Structures are given as structure tokens and as C-alpha cells.
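Please work from the sequences and hints to get the whole structure.
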Amino acid sequence: MMKKAKKLFQLFFIFMLISTTFMFSGCKKNSTEKQTITLGFLSWYNETTMDPVLKAFKKKNPNIKIDLQYAPPIQNYIQKFQVLYSSNSLPDIFVTSAENKNDVMNNKMAKDLTSLPNVANLSEANKKTYTDDNGKLIAFAPDGWFAGIFVNKTLLREKGLNVPANYSEYIAAMRTLKSKGIEPWAFSSTNLYDPLQGYVETETISKDADYDKKVDSGKLKYKDGWTVPIQKWYDDYVKTGYANKADLGITGDQAMQEWATGKAAFTVGATWNPVSVAKLNPKLDYTLLPWFGTDNKTTYLTGAAGVGWSINSKTTHSDEAMTFLKYLTSNEGIQLFEGKANGVVAVKGIDYTIDAHLKDCYPYFTSGKIYLPAVSWKYSDALGDILLKYSQNIVGGSAKPEDLITAMDKKWTDLEAAS
Amino acid sequence: MKGKFCLKVEFPYLLFILPTFVAYTIFSIYPLFNSFLYAFTNWNGFNVPKFVGIKNFRTTFSDPVMIQALSNTIIYSISVPILVTLFAIPLAVILNSGMKTRNLQRAIFFFPSVPSALIMGYIWSYMLNSSSTGVINQILSFFGVKPILWLATPRLAMLSLIIVSVWGSTGWHACIYLANIQSIPREYYEAATIDGATGFKRFRYITFPMLAPSMTISVMLLLTGSLKVFDLPFSLTSGGPGYATTMVTQIIIARGVTEKLYGQATAMSTVFFFIIFVITALQIIIMKKREENLQ
Amino acid sequence: MTGSWTCGHRKNILKAIGEILMLALCSVIILPFYYLVVSTLKTQQEVALNALALPQKIYLDNFVNAFHNMEFAHAFLNTLLITGCTLVIVVVFGSMSAYAINRRRHKFYKGIMIYFLLGFMVPVQTTMVPLFILMQRLGLINRLYGIIILSSGSSTFAFFLYQGFMSTVPVELDESAHIDGASVFRTYWMIIFPLLKPITVTMAIFHVMGTWNDFLTPFLFLSSRENSTLMLEMYRGVGEFVNDWPTMMSSMIIIIAPLVIFYIFAQRFIIEGLTSGAVKG
Chain B
1 MMKKAKKLFQ LFFIFMLIST TFMFSGCKKN STEKQTITLG FLSWYNETTM
51 DPVLKAFKKK NPNIKIDLQY APPIQNYIQK FQVLYSSNSL PDIFVTSAEN
101 KNDVMNNKMA KDLTSLPNVA NLSEANKKTY TDDNGKLIAF APDGWFAGIF
151 VNKTLLREKG LNVPANYSEY IAAMRTLKSK GIEPWAFSST NLYDPLQGYV
201 ETETISKDAD YDKKVDSGKL KYKDGWTVPI QKWYDDYVKT GYANKADLGI
251 TGDQAMQEWA TGKAAFTVGA TWNPVSVAKL NPKLDYTLLP WFGTDNKTTY
301 LTGAAGVGWS INSKTTHSDE AMTFLKYLTS NEGIQLFEGK ANGVVAVKGI
351 DYTIDAHLKD CYPYFTSGKI YLPAVSWKYS DALGDILLKY SQNIVGGSAK
401 PEDLITAMDK KWTDLEAAS
Chain G
420 MKGKFCLKVE FPYLLFILPT FVAYTIFSIY PLFNSFLYAF TNWNGFNVPK
470 FVGIKNFRTT FSDPVMIQAL SNTIIYSISV PILVTLFAIP LAVILNSGMK
520 TRNLQRAIFF FPSVPSALIM GYIWSYMLNS SSTGVINQIL SFFGVKPILW
570 LATPRLAMLS LIIVSVWGST GWHACIYLAN IQSIPREYYE AATIDGATGF
620 KRFRYITFPM LAPSMTISVM LLLTGSLKVF DLPFSLTSGG PGYATTMVTQ
670 IIIARGVTEK LYGQATAMST VFFFIIFVIT ALQIIIMKKR EENLQ
Chain Z
715 MTGSWTCGHR KNILKAIGEI LMLALCSVII LPFYYLVVST LKTQQEVALN
765 ALALPQKIYL DNFVNAFHNM EFAHAFLNTL LITGCTLVIV VVFGSMSAYA
815 INRRRHKFYK GIMIYFLLGF MVPVQTTMVP LFILMQRLGL INRLYGIIIL
865 SSGSSTFAFF LYQGFMSTVP VELDESAHID GASVFRTYWM IIFPLLKPIT
915 VTMAIFHVMG TWNDFLTPFL FLSSRENSTL MLEMYRGVGE FVNDWPTMMS
965 SMIIIIAPLV IFYIFAQRFI IEGLTSGAVK G
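Residue numbers (the numbering used here), protein chains in the order written: chain B, 1 to 419; chain G, 420 to 714; chain Z, 715 to 995.
Fair warning: there could be bad hints in the mix.
[As the list claims (entries may be wrong)] Covered stretches of chain G, going by a simulated chain B footprint (3 or more residues, C-beta under 8 angstroms):
hint	region
1	543–549
2	567–573
3	650–664
Everything labelled a hint here was simulated from the structure, so no lab data went into it. Remember, it's a predicted structure, so these values are computed and weren't measured experimentally. A virtual CB, placed ideally from N, CA and C, is assigned to each residue, including glycine.
See the structure below:
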């Protein structure tokens, strides 16, 4: 027995030895290539998605090597980003998202990208999202997304209803469906607050586009702009039972499944869903509706710019980094990228067709009539967490609508005091 | 035996400890110490830290969400170790018996601990779907039970979390007990059988006392693991509904990574560390004494 | 004498019932895995319709996609290398310290044990940044050997496992070896360690399972694709808005498969070790 164990140990050590020599020999090879410049790239998208655009770039610029480091979105990416920054090892190129853009701006981590040629064609929303207070564009985001209400047209037709075109029709449709035994909505535990957001958009933001800026500068409170929307959300969705306790135990995928298989008429739908819906129920006849305002006229969509690419302000290879970004943000580069990434393109002049089910709402996106708290709020993560948790508690019955607003205002005050 | 410390005699034994000691000090203790220092600053991950005294520690106790997370963590850390130990010991005894399908059983019971919490959280959240189409609810409907809102209410969500945790850990801990059982000399059992002891008596007077060392380890791991738990609540319920299954580590992450209050996060970790330390130290002292008494 | 025949017969029936009960319990335990495997072999439509049903037609696209997206061969070798080397390190370091602390009664050693305990109290997220900076200073970032060296710091787990069972090896063996003139080193490796086989195999199982499936450490400290591990490959299915669950579940199965083989092999090893090493003089 001992001899066997000894033999095993010997085998292990030999194996280790051989493998480590291979590892080291691999290392030596790289160091002889001194003429190529290597750019570090912390990417939000994985190698498969970035491959076409990176390959094409390599062909045009053989002396620039891109060393891609992938960190899965969202939390893992932010974690890695923070760790790398804290240890002063942030790569030359990185991705800026709504979650870290304030940090990037406040700590001047990115170079100004306004000189890139395609900035002129970039949508207003995408430009505004990533422009800091000094007018510098810190990230170029080629795409975006939007979300609203997915409606199962077949189901409505069967029950003798038209697709609602305004608030009154929408409320009536839900009531009719409920009376005929159909669940109007398929909610999940994480999108209960989407209609609330919708009301904030139609009742508050549409009247005052600078509302959030005013809150963040201390002039207004969340109570001012959210009291009416939250009461409406509570009356229209929670009191009626369309959003109920059972939804708290459902995940986003499950809710989408329920809706796509015809068990509910409405669900929260976004630009990344058509791919999954096609897999679940290819023949489904559906479309995207905006959030309806109570005045029967105003409509709005939830949405935002996607993530953007930034150049590290401390990079030692700014020329090469600029060259890379010039290609990434060129028409050719964007086309190659979006071929894999499937975002909604926000740059004019690119050959792009939007999914048929999203067509009707596309104009909202191009004209910038989209809104997302994470982009407009100073303390988006903390407040977003409160929004999620309290919406769950309200539906579950352990909190009142006013509690959400009180909690938001309190959190804002606390975070202001701490900074 | 507690006499003088003679370096010449102890030297080889000290060398035995040295590798672990050095590696552990460099890679575990040094970063830990470093992070404690941040607890006294207002570091947010990006700025230059400024000394703020004990302000961060005071905020730890005034945060109502933190209080809830603490109570959640305590409930969880009491339930899981008790339940797992209760199931793992008999399981180990059964798995040690001469059943024909013994190896298959061992593999099956062990494997819940293998896949990542991310995947298991996803699978379980699917199975515990509150609607009537959820897998578990479907099975229950065969017995005429109405759909249960597993992850939807605070109490049931915590219960689901505990059940999934016990499901995932029992087999793993049974392995620790199994290893212990397999090293109990056969002569003890043979002597007991000769004296006419039945199966249960054999368990109570030989097996169970001899399991003391593995109990100490297993309970310590369960205790510290439950207090530090993060992955499973995160992937199964995201701490929901509301804050019903939010644990302390999640708050620490939220404060540290999301809200960038890194100084506050490390202050919380420090306080939490002392809590865990006190609990675990008590547990180990009590159980080690028991070990010695039983030897 | 006739009584013993009926006794044996009853015993067999009880045994059979016990075995059937256990198998029933096993099928309950295994349910999530059944669901996992079955879902990867169905189209998304089928899964939505009936979660537990067997697939009507075996749908292999998910596995094909998973293989296609993962750089399986390379990641497998990396994971194997890391797991193997770290296993040797923690077993050697951990068991040696456990031996010393178990055999020596002085208070100093108890103090070391408490010191080793501290590391268990802290959630890993607390020390992420300082640890990263340390690894950076030591030049261990994005190197496989960096991860291997880092793991030596966690040999305290092996230490705890071993120290509990160290008492099962009688001190008399140490003493007789010393009388024969053997050094502490020789005594431990030639005599004591071989008798700890069940513990070593158990430790190996725990360590392999844990390291094979570890995401956080490789995620923080490895960045190039060529250094990727199997878990890192699986996480590539994580999306910003939706996770590619079918591919990820398939990847998980691919990743677990070698572990199943390892586990069966390790179990046989324990049994072998027991039957030959149990004859303790």
C-alpha cells in the first residue's frame, strides 16, 4: 500500500513539473514580441460576442494586440472593476455602465471621446447619459434598450377586445379580462415596480424633465414627484389583485414563460425578450405598448442607453487606444458588434432593422422619450434596491405605499450626509 | 504534560506547523488586518481614505435593515446546523451499513453539495415556483395539496431557504461522520455484540460518543458557513421578498460594493467577525471538552 | 437451530425494506438533478409546457452550444492542474500541522489552533481588495501558479479535518518509532500518514469538489482566456438582462461529469485502504 501511495505521489510531482514547464515556456514566447502594443480591455461582453469586431480590427492594425478580460455583467463586472481600480490596475479600455458611470465621472477615470467621428450620429439620450458636468463624453454607447408592456394580441382578440390605445381602454381591458377569468398580468418578483416607474414617467417626468436633477440638488424630494404615481400604481395594480402575493415567488423567466404560453395577457416586455419569446412560442402574435398616462394623451417608455466603451485616462497608449475606439465606434465596427450583441442601435446611418414586435415603440427610443432611474439618479443602486424591496413588501401587504417614498427620501438624505 | 517549552524538542514539530502558518498569515491574516484599518475611514473604493474614528461602527447598529438581516442570519444559523446534524449522523450510520446499493446512495446524497449555488438557486427557484405549474406544487397536487406560495411570503421564503440548504449540505456532512465511523475499531462493536448489546445500544454507547471529533468539526463548519452565507440566498431569493431572507453578508456587499460605503462595510464585517468569533469559540470550547471527556 | 433460519429470513426482509426506503429517499434527493438534466435535453418550449416530463425527442443543441462556447479542453486542463496541485499542498501542509498540534500538549499549540480559526470567521468579500493588492505586489495576478500559491493559505481547512481524526492513530506508534530511532519526519510520513487514508480521501473529495467549482477566486485573479477554468467558462452565459440558462445548465453538467468519475474512483480507494490498512498491530 505504501509503495502505491509513493508511486502516486511521484506521478503527481512529475505531472506538476511537466505542466509548470509548459506554463513557463508559454510565458517566454510572449515576451519576445516587443514591437506590438498590447491594450488591456475589461469587457462586459464575452469573447464570442467581441470576436468578429476584434478579428476585423486585428486585420487592419496588426501591431495592436487586444488583451480581453471578461467579467460577467452586472455585479461581477462592477466588483472586478472596483477591485482593479483600487489596486491601480484598471486596463486601457473598459466598459462604463449606468452603475459605475458616476464613479468614472467623479474620479475622472476616462478620457474625453467627443473627437470620435461617429459621435455626431449618436442619439441624444446616449450622448447625455455619458456626458459629465464639464461636457466631456466619457463613454461611447452604441446601443440601448427600451421596455414597456407586451400584449398578447391573440388572447385579447379571443375575448373580443381591441389592443388598448390609451389609459381608459387599458384599464377597461384588464377589468374585462379579469371578469372573463383571464389573468391580466404576469408579474415576477423583480418587475412589480415597472408600472410604478411607468406612472412616474407619464405623470412626473413628462411634465418636468429636470425633476431628478432637482431632487439630487436638494430642491425637491421624491415625495413631490412620486406620491401621485405610487397611489395610482397601488389602486390600478395592487388593490385590483393584478399584482399579488403569488407573484413574489416567480422569477422573470417564469413570468415570461407564463405570458408567452398564453396564461396572461400583459407582461413587462423589453428589447431583449423577442429572442426568448420566439423560442418559447414562435407563433405568438404580440406587440409592445408604452406606459399610458392618466390624461389619456401622454405615453412614455422605460429605457436607457446601453453600456459604453471608455478609455482609461491613465493609459500609456492613448494613440493606440483611440485607434481602437475609432474602429469600435465606426459603422463597420458597430455592425460587427451588434451582429452578436443584439442591442437596439442608437447611431444614425447604421443598417439596422428593429424586431417587428418592437417596431411601434421604436420612435420613442430614437427621439429620446425613454427614462430610467438608474441613469438619472445620483444614488441609483441604493434607491433601486429600496424600490425593489418595498414594492415587494407592499404587494405582500407588510408595507404601505407611502412607506416606499419615505424610505427613498430618508436613504437619499443619509447618503448625502455620508459623502 | 503542560511543562516547559523546550525548543530543541519542539523544533521538528514547529517545522511541521510552519508552512501552514506562513501561508495562512500572508494570504488570510494580512489582508484581513488591512481591511480592518479601512473600517476607521470613509473610503468609498475610489477616494483617498480619511480617518473618521468610530462613526462607521455607530451606523452599523442604527441601520434597521441591518438589524433585520442580523435576525435573519441568526434564525438561519440556528436552524441549519441543528437540522443538518440531526439528519447527517443517522445518514452516515445508514450509509455505512452493508446495503447493496450503498455506493450509489453515498454518491446521490453527496452530490447536492457539488453544483454551484448559482445553478442550484436557479433550479430550486424554478421548482418552488408559487404557481400551480411549479414542480413541487405539481407533485403536491397529486396528494391533493393546494399550491403553496413557497418563495412569496417571508416565512415560507426563509423555510424554503433552510430546506434547500439542508438538502445541499446533509450529504456532505454525512461524509465527515462517515469517515469517522469507518475509523472506529471493529473490536469495540464485536465486544459489545458479545455483551449482548442491540443495534441502538451500540449506536448510543459506541458510535455516537466516538463521533465527537467529527461533530466538533462539522458543527463549526456549519455554524461559520451559515453565519457567512451569501451565495444561496442571493441566487434563490435575492434576499426577498422584501428583506425577509436578506443576510448580513448581503448587506455588507450592498454597503461596500453597491453603495460604495466601503469603510462602513468593513466596520460591519469587523463587528460581525467578533460575533462569529465569540459564538464559534464557545461552540468549540464546549465541544472539545466533550471530546476529551469521551476519550 | 430452526429459530435461526426464520431470524435470518426476517432480517433479510427488513434489510430489503430498508434498502427500498433509502432508494425512495434518494429519488427525492435527486429530483433537482433529474430536472436539471431533463431540462437541458428539451427545447425551451417543452420545458415551459411540462417541467418534469421526459423529453419527447432528445434535443442536443444546448450541449452543442455549451461545448462550442466553452474552451473546454483548455479550461479542463487548467482546472485539473489547479485542483491537483492545490490538493497536494493543502493535504501536506494541513495534515502536518494537525499532527504537530495533536501530539504536543503545550498551550502554545492550542494558541496556534485558535489563530488558525480566525480565518473561518470572515466572509471572503471583506478581504477581496486588500488580498488583490497583495497578490498584485507579489506578481501573482493572472498566473495559474498564483492561484496555487494562494490556496496554501487555506490549508487551515485541511488542518481542522485532520486534527479531529489524528487521535484515531495511537500515540504508541509514535513512541515505538522513536525508540527505533526514527525522526519526527520519518515517523509521520512512513507510519502515521498512511493510516490516515480515509481522512485523506475524504479531504481529497471535499477539496476537489470545492476547487473544481470555485468561481470567485479564478474570477478575481485570472484574466486571460488561456488561464480560464471550467467555472469561469460556465459564467460566460451570464448576460446583462437574461442569463442563457439552457447553455449554463448544460455547461454545469459537463463540468460535473469528471467529478462523478472522480468520486466513484475515490470511494473505491477508501474501501481498498480500509481493508488493507485496518489490520493495526
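Hints, verified against the model:
Given a C-beta distance limit of less than 8 angstroms, the hint that chain B covers the region 543–549 of chain G holds, as 5 residues qualify and 3 suffice. For the region 567–573 of chain G, the stated coverage by chain B holds: 6 residues have a C-beta nearer than 8 angstroms to a C-beta of that chain, and at least 3 were required. Chain B is given as covering the region 650–664 of chain G, and this holds because 6 residues of the stretch bring a CB closer than 8 angstroms to a CB of that chain, at least three being needed.
The structure shown violates none of the earlier numbered hints.
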